[in-house]
Amino acid sequence: MKKTYKIDVDCANCANLMEQAAKKTAGVKDASVSFMTLKMNVEFEEGADEKRVMKDVLKACRKVEPDCDIEL
Amino acid sequence: MNRKQKRNLIRICIAAALLVIVNILRHVTDIGGTPGFVIYLCAYLVIYLVIGYDILRKAGKGIINGRPFDECFLMAFATLGAFALAIIQRSGDYNEAVAVMLFYQIGELFQSIAVGRSRRNISDLMDIRPDYANIEKDGSLVQVDPDEVEIGTVIVVQPGEKVPIDGVVVEGSSSLNTAALTGESVPRDVREGDEIISGCINLTGVLRIRTTKAFGESTVSRILELVENASSRKSRSEEFISRFARYYTPAVVFSALALAIIPPLFAGNWSMWIYRALTFLVISCPCALVISIPLSFFAGIGGASREGILVKGSNFLEMLSKTKTVVFDKTGTLTRGVFEVVAVHHAAIDEKKIIELAAHVEGYSSHPISKSIQKAFGGEIDLSRVSDVEEISGHGVMGKVDGKTVAAGNMKLMDRLGIKAHDCHSVGTIIHVAYDGSYVGHIVISDVVKPDSKAAIAALKASGVQKTVMLTGDAQGIAANVAAELGIDEYHAGLLPEDKVRMVERLLDGGNKLAFVGDGINDAPVLTRADLGIAMGAMGSDAAIEAADVVLMDDNPMKIAKAISISRKCLRIVYQNIVFALAVKFACLILGALGITNMWAAIFADVGVMVIAVLNSIRALRTRNT
Numbered sequence: 001m002k003k004t005y006k007i008d009v010d011c012a013n014c015a016n017l018m019e020q021a022a023k024k025t026a027g028v029k030d031a032s033v034s035f036m037t038l039k040m041n042v043e044f045e046e047g048a049d050e051k052r053v054m055k056d057v058l059k060a061c062r063k064v065e066p067d068c069d070i071e072l
Numbered sequence: 001m002n003r004k005q006k007r008n009l010i011r012i013c014i015a016a017a018l019l020v021i022v023n024i025l026r027h028v029t030d031i032g033g034t035p036g037f038v039i040y041l042c043a044y045l046v047i048y049l050v051i052g053y054d055i056l057r058k059a060g061k062g063i064i065n066g067r068p069f070d071e072c073f074l075m076a077f078a079t080l081g082a083f084a085l086a087i088i089q090r091s092g093d094y095n096e097a098v099a100v101m102l103f104y105q106i107g108e109l110f111q112s113i114a115v116g117r118s119r120r121n122i123s124d125l126m127d128i129r130p131d132y133a134n135i136e137k138d139g140s141l142v143q144v145d146p147d148e149v150e151i152g153t154v155i156v157v158q159p160g161e162k163v164p165i166d167g168v169v170v171e172g173s174s175s176l177n178t179a180a181l182t183g184e185s186v187p188r189d190v191r192e193g194d195e196i197i198s199g200c201i202n203l204t205g206v207l208r209i210r211t212t213k214a215f216g217e218s219t220v221s222r223i224l225e226l227v228e229n230a231s232s233r234k235s236r237s238e239e240f241i242s243r244f245a246r247y248y249t250p251a252v253v254f255s256a257l258a259l260a261i262i263p264p265l266f267a268g269n270w271s272m273w274i275y276r277a278l279t280f281l282v283i284s285c286p287c288a289l290v291i292s293i294p295l296s297f298f299a300g301i302g303g304a305s306r307e308g309i310l311v312k313g314s315n316f317l318e319m320l321s322k323t324k325t326v327v328f329d330k331t332g333t334l335t336r337g338v339f340e341v342v343a344v345h346h347a348a349i350d351e352k353k354i355i356e357l358a359a360h361v362e363g364y365s366s367h368p369i370s371k372s373i374q375k376a377f378g379g380e381i382d383l384s385r386v387s388d389v390e391e392i393s394g395h396g397v398m399g400k401v402d403g404k405t406v407a408a409g410n411m412k413l414m415d416r417l418g419i420k421a422h423d424c425h426s427v428g429t430i431i432h433v434a435y436d437g438s439y440v441g442h443i444v445i446s447d448v449v450k451p452d453s454k455a456a457i458a459a460l461k462a463s464g465v466q467k468t469v470m471l472t473g474d475a476q477g478i479a480a481n482v483a484a485e486l487g488i489d490e491y492h493a494g495l496l497p498e499d500k501v502r503m504v505e506r507l508l509d510g511g512n513k514l515a516f517v518g519d520g521i522n523d524a525p526v527l528t529r530a531d532l533g534i535a536m537g538a539m540g541s542d543a544a545i546e547a548a549d550v551v552l553m554d555d556n557p558m559k560i561a562k563a564i565s566i567s568r569k570c571l572r573i574v575y576q577n578i579v580f581a582l583a584v585k586f587a588c589l590i591l592g593a594l595g596i597t598n599m600w601a602a603i604f605a606d607v608g609v610m611v612i613a614v615l616n617s618i619r620a621l622r623t624r625n626t
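These protein sequence lines are chains P and Z, in that order. Residue numbering for the first sequence follows the numbering used here, beginning at 1 and increasing consecutively. Residue numbering for the second sequence follows the numbering used here, beginning at 1 and increasing consecutively.
No false leads were slipped in.
For each label pair, taking beta carbons as the anchor points, the in silico distance ranges come out as:
hint	chain 1	residue 1	chain 2	residue 2	range
1	P	Glu71	Z	Phe240	30 to 36 Å
2	P	Glu71	Z	Arg117	20 to 26 Å
3	Z	Asp131	P	Lys59	29 to 35 Å
4	P	Glu71	Z	Glu498	47 to 53 Å
5	Z	Gly193	P	Lys59	54 to 60 Å
6	P	Glu71	Z	Asp131	17 to 23 Å
7	Z	Trp600	P	Lys3	44 to 50 Å
8	P	Glu71	Z	Ala214	20 to 26 Å
9	P	Lys6	Z	Tyr575	30 to 36 Å
10	Z	Arg117	P	Lys6	16 to 22 Å
11	P	Ala26	Z	Trp270	45 to 51 Å
12	Z	Arg90	P	Glu71	50 to 56 Å
13	P	Lys6	Z	Arg506	45 to 51 Å
Chain P residues, not near chain Z, derived (Cβ > 12 Å throughout):
hint	residue
14	Thr25
15	Glu50
16	Arg52
17	Leu72
Which residues of chain P face chain Z? A few of them, derived with a C-beta cut under 10 Å, are:
hint	residue
18	Asp10
19	Cys14
20	Ala15
21	Asn41
22	Lys63
23	Glu65
24	Asp67
None of these hints come from the bench; they were simulated from the model. The beta carbon of each residue, even a glycine, is placed where N, CA and C say it ideally should be.
If we strip away everything but chain P, and leave its shape as in the complex, we get (with noise of 0.2 Å):
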């Protein structure tokens, strides 16, 4: 299960740090953040529930990039 969501963000390095945070999350089986095309695409783990795992994203993204946003 893969998807793609747009994101808001400033710098390239805190897109680096929104990737490392995505893929640390449960649940989510892996990420990746192009900083380029503002898009963030995650693949789920096998039976995951997409939203509540996206919000977990989300909160882990505040933490380290206070600016970030990603809409679900």
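We have chain P already, so just place chain Z on it with the hints.
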């Protein structure tokens, strides 16, 4: 500018204005002693907070979350340190701390605008996503989301609109602009029955198209997905930069600490050394590199896609620039992959008559050779003139045309019929023709070389490719001929598909980076085995798009050289940025340590390098004259 950028611009203006006002007031009024000291300290602190409150907040959060070395923290630490120094020295010169924060914010704003603009430039260029599809409902056209169109639906595409979904034309004829997909500027004509791919722009007539794929599986969606995901595969240079950034900042911070403590232990003058250490911190942000390198790759990939060259990742763009050996599959890559009649020899009767006879006697056959003779004949084949056709497997065809016996086939057929035929020295497939019991000549059929192949090989050589190799399943003679004609260094003939893999593996042992170019038909194993797999003429072929690392949308071999030169340009820009940014940073660090430069110059250097590097990155987008 978006809202956030506008807000920051206003903040910068207010802070700058306040700074000027406070400085003027300080010159005209003369409040001395402790009251003056307190008043001005407060005034500067207010300006500092206006311009830097978000930085302070982020710095605080960074510490709480255990990431102490981010740029906000460094900026906050350096400027607060400058404040503290000014208080201790009672110099009252707070301008520096406030100004550094101000310039930092200007730099951030500039960066944000530059990146936003280039992002928009690049995405405009790849703007081939169709927003809607027209379907007919109760006699009128309705716009619907292309995602909702089911396979087999008839959609209508009007002049000026994009074809949203792959399909077959059921009504109408028009010419299509495929430039966004292939980089080819000559329009392509389509009529009823033609297959059509999404992403083209309909130029002249109204087309009705029966869709053959869902939107998500259509060419345009696949291309967009491919290009947008390309930046997630990071190149070695990008990895180098992120690794470098991870060590660079802590290294600078610790050397700043050393600079603040060690020299004054021996030489004294603590405040001077602490000031120099704070200057260090200002230079410690690696943002020029962190931002410009991915941006260069992104621009390079975007520019290439405009030329009809889809690169699946920054790593492949990097590989492309290092390619020293290019291995070609012959059929469909260097040659057209279709057979054509190239000559008629020893004609005893009119050449056209020979082809006409052969075309008719082979009229029932759908073998590629027969097809090519029928095509060379050009006219309508009247099968009522043909009778008693007998296909002799491995030999050829015999039958009666207009009541007289015609035999068309190889030497074995002629021997079998006891007809003396002339042997042929031309390369290709030879069809001997006998008419009414006597030999009338033979037709030479071969796969023709694409018109651009020779120029493409020369262009590759010119762009620094050291070796070109051709692999083919065809016979030795044909291969030698084509290789000589095109100027290819090395060829291997008579190969089965698995031999091609072995051949590529042997060439890989040479150590040079190797790219394999194929047409995507049954060479997927070789495409994956090579350092870099290039599939060409892949428009609409899913297997090739899947297996290859670089996909050429049309089948012009010139695009390979073009792709290499685009990648070289992009990598050149990447290296320029790395060298330039690092050189300026290190120069500033040394000058800062020696006390030659101050914090002002440091922040200018930092912001300036970043802006120049970003602007340089954008050059990778321009591909026309590379």
